[in-house]
Amino acid sequence: MAKKELKPSQIAAQIEAENAAALEALRKRREKEHRKMEKSKGTNKQVGKSWKNDIGIFVFLSLLGLFMLLPIYIAIVTSIKPVNEIFIMPPRLYAMDPTFDNFKDLFVVANNSWVPFSRNVFNSIFVTVAATVLHVLFACTAGFVLAKCRFPGAKIINKIVVIALLFNSQVTYIMQYIVMAKLGMINTYSALILPLIASSMGLYLMIQSVSTIPDAMIEAAKVDGAGLMRICWGIVMPNSKPAVMTIIIFQFQAAWNSNGGSLVYDEALKTIPTVVQQIAAAGIARQGAIAASAVVLMIPPLAIFIAAQSNVMETMAHAGMKD
Amino acid sequence: MAAETQKKEILLPNERKMSFKERWSYTWHEMKRNKMCYIMLAPFMIFFLVFTIVPVCMSLPIGFTDFDMAHFPPKFVGFQNYYTMFLEDDVFIGAIRTTLIFAIFTGPLSYVLSFFLAWLINELHPVLKTVFTLIFYAPSMAGNIYFVWQLIFSGDTYGYLNAALTSLGITTAAIQWLTDANYVLICVIIVQLWVSMGAGFLAMRAGFQGIDKAMYEAGAIEGISNRWQELIFITIPSMGPQLMFAAVMQIVSAFTVDIVGRSLAGFPSTDYKVHTIMTHAFDYGWIRYEMGYSSAICFVLFLAMLICNNLIGKLLGKYMN
Chain A
949 MAKKELKPSQ IAAQIEAENA AALEALRKRR EKEHRKMEKS KGTNKQVGKS
999 WKNDIGIFVF LSLLGLFMLL PIYIAIVTSI KPVNEIFIMP PRLYAMDPTF
1049 DNFKDLFVVA NNSWVPFSRN VFNSIFVTVA ATVLHVLFAC TAGFVLAKCR
1099 FPGAKIINKI VVIALLFNSQ VTYIMQYIVM AKLGMINTYS ALILPLIASS
1149 MGLYLMIQSV STIPDAMIEA AKVDGAGLMR ICWGIVMPNS KPAVMTIIIF
1199 QFQAAWNSNG GSLVYDEALK TIPTVVQQIA AAGIARQGAI AASAVVLMIP
1249 PLAIFIAAQS NVMETMAHAG MKD
Chain B
4 MAAETQKKEI LLPNERKMSF KERWSYTWHE MKRNKMCYIM LAPFMIFFLV
54 FTIVPVCMSL PIGFTDFDMA HFPPKFVGFQ NYYTMFLEDD VFIGAIRTTL
104 IFAIFTGPLS YVLSFFLAWL INELHPVLKT VFTLIFYAPS MAGNIYFVWQ
154 LIFSGDTYGY LNAALTSLGI TTAAIQWLTD ANYVLICVII VQLWVSMGAG
204 FLAMRAGFQG IDKAMYEAGA IEGISNRWQE LIFITIPSMG PQLMFAAVMQ
254 IVSAFTVDIV GRSLAGFPST DYKVHTIMTH AFDYGWIRYE MGYSSAICFV
304 LFLAMLICNN LIGKLLGKYM N
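Quick mapping for you: the protein sequence lines, in order, are chains A and B. Each residue of the first sequence is one higher than the one before, starting from 949 at the first, in the working numbering. Each residue of the second sequence is one higher than the one before, starting from 4 at the first, in the working numbering.
Keep in mind that the hints are not guaranteed to be accurate.
As the list claims (entries may be wrong) - EDC-like, lysine to aspartate or glutamate: derived pairs with alpha carbons at most 20 Å apart:
no.	chain 1	residue 1	chain 2	residue 2
1	B	K216	B	E126
2	B	K216	A	E1167
3	B	K38	A	E1262
4	A	K1130	B	E126
5	A	K1096	B	E33
6	B	K132	A	D1214
7	A	K1130	B	E33
8	B	K216	A	D1172
9	A	K1000	B	E126
10	A	K1103	B	E33
11	A	K1096	A	D1172
What the hints assert, rightly or not - Some chain B residues flagged as far from chain A (calculated, every beta-carbon gap over 10 Å):
no.	residue
12	E33
13	D69
14	F89
15	L309
Hints were generated in silico from the structure; no laboratory data involved. Only a predicted model underlies this, so the values are computations on that prediction, with no experimental measurement involved. Note that the Cβ used here is the ideal one computed from N, Cα and C, for glycine as well.
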């Protein structure tokens, strides 16, 4: 008798085990059915998708991609062609006897001008680094405040930032020049660096990205007694690393390619793009050197973009405008 | 009655009707409470004011003057600049036409093209996605590399395009691509399209990536049977914000076409064929130093961009809702 009389707890355990077994069986059956369905539908869940279509798209994009890459390819090929090959008729799409003479030439030509080329390289790096660091520091704090704090004027500033996306440096260049002339900034480093800091694009991307961070996180930090500065750099920025990376990349590109030819006239202050433009003014005879300089100038932004590509895509997903 | 008055009292201060003085003292109180916000905002805003807001706003008053950077103060001439611009300056009228032609190609066409490309790229394998995104974005990242097009469109037989056409037997003599008034516009448009896959394109790519896959499955059940229907009923409506952002980027690049044309076709170009409003402003600003007239041109350009932006915002907003 004692054998048959189970304790309530034992009964419960038995029932639980039975239930578990039943659930497991059900789950397996469902999985099987699901797999069957998947098989019958093919691996793609989207309609109208097949590998034939994908190959079509791939071929189409490749052709267009070739068109996009052709000029860059020609620049690279021209840069490694020796002089006698540059003037071959008809022009060839490859170099028969590749050399690095053009790169050497570029250096020699640039070195023979008023100031050593190393000075221009230093200028470019200094301007790029200063503009990028200051822009990122300022845009991060301002972006955080505009996205997460409520204070009189916040709304109107947000609106102005969105409208200011229209007025990039290209459009305001002439007017900026007048302002800088009034402030006595022409022919100084600040004429090259300071206008770059105020790019509204970086601020806009920062605002959009920070506003996706949950308010609760910031409230919790406030309760714990953190100041706004601390919240910004200790909590918000580590959580929006992709956005910070993205504005670094965009700013780097803008600063690296910026040609301050009309803002500084002192040879010792000119950056690489300006010097390259001067060399290029020599015309067709310097074709090889021009191509070489374009290739050299292209490498840093390209390398940085490749390294941080996934960050950029993540940030741009938040870039959208909701009215 | 008692309940009503009580209800009124619970209303937040900024919802309650306040006298002017009360409102100001409340705002002032809020401003003092949020001092830290302003301090953190200040560094960026100072530069932003000086280098973006002031230049844009200043173009209006300076546009009313005759100003050459040397004689202070600028001489007030009223609407003279605008009068000259629209009634006497034939080159400017031509520039409006050229800008509109460029705007159509690098605006809507490039917009649709970058959307289409982003869509196609999104259908591919993740590795290919990255590769193609890079390929299409590279030209707009590579700074002044569009000089290469000069080698391609070069007017002598050393030019790649002329050499290719001659060897294929299509033409017998070299065509002056960049100086012949018949060809120069189309050449510069091609190059402009080539560099136009910028931030807007990236935003669109990211937008496609962010669409919930479950939406497509739901769509399939609801009876959507091909990719075009998917595009119209699911993809575009859920990409509104990215489309808006890309539109702004496109307006900027469409209205500021200048440097590519100037460096390829020379300045001034044959028959002013690629002479845009921006080029005109550049001409008067940097070469003739007539800053007053140049400011007036810039102001007209700013105004056109703002109006265009508002129109597109309204159009897209209507479509999204």
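Query raised in the report: Are the Cα atoms of A/K1103 and B/E33 separated by 20 Å or less?
Result: 14 Å, holds
Query raised in the report: Does the structure keep A/K1096 and B/E33 at a Cα separation of 20 Å or less?
Result: Measuring from Cα to Cα gives roughly 16 Å; hence the hint holds.
Requested in this report: Below or equal to 20 Å on CA atoms is what counts here, so check B/K38 against A/E1262.
Outcome: It is violated: about 33 Å lies between the C-alpha atoms, which goes past 20 Å.
Report task. With a cut-off of 20 Å on the C-alpha distance, tell me whether B/K216 and B/E126 pass. Result -> Since the Cα atoms of B/K216 and B/E126 sit roughly 12 Å apart, the hinted pair holds (cutoff 20 Å).
Query raised in the report: Keeping to a limit of 20 Å between CA atoms, is the pair of A/K1096 and A/D1172 held or broken?
Result: 17 Å, holds
**Report entry** Holds or violated: B/K132 to A/D1214, with C-alpha atoms at most 20 Å apart
**Finding:** The given pair, whose Cα atoms are some 45 Å apart, is violated under the 20 Å limit.
Query raised in the report: Are the Cα positions of B/K216 and A/E1167 separated by 20 Å at most?
Result: 33 Å, violated
Query raised in the report: Checking the smallest CB distance to chain A, is B/E33 really beyond 10 Å?
Result: 5 Å, violated
Query raised in the report: Are all C-beta atoms of chain A more than 10 Å from that of B/F89?
Result: 20 Å, holds
Report task. Mind checking the alpha carbons of B/K216 and A/D1172 for me, to see if they're no more than 20 Å apart? Result -> Given pair B/K216, A/D1172 is violated - Cα atoms ~39 Å apart, limit 20 Å.
**Report entry** B/L309 remote from chain A - nearest C-beta pair above 10 Å
**Finding:** Since the minimum Cβ distance to chain A is about 7 Å, B/L309 lies within 10 Å and the statement is violated.
Query raised in the report: Are the Cα positions of A/K1130 and B/E126 separated by 20 Å at most?
Result: 53 Å, violated
When held up to the earlier numbered hints, the structure conflicts with 2, 3, 4, 6, 7, 8, 12, 15 and fits the remainder.
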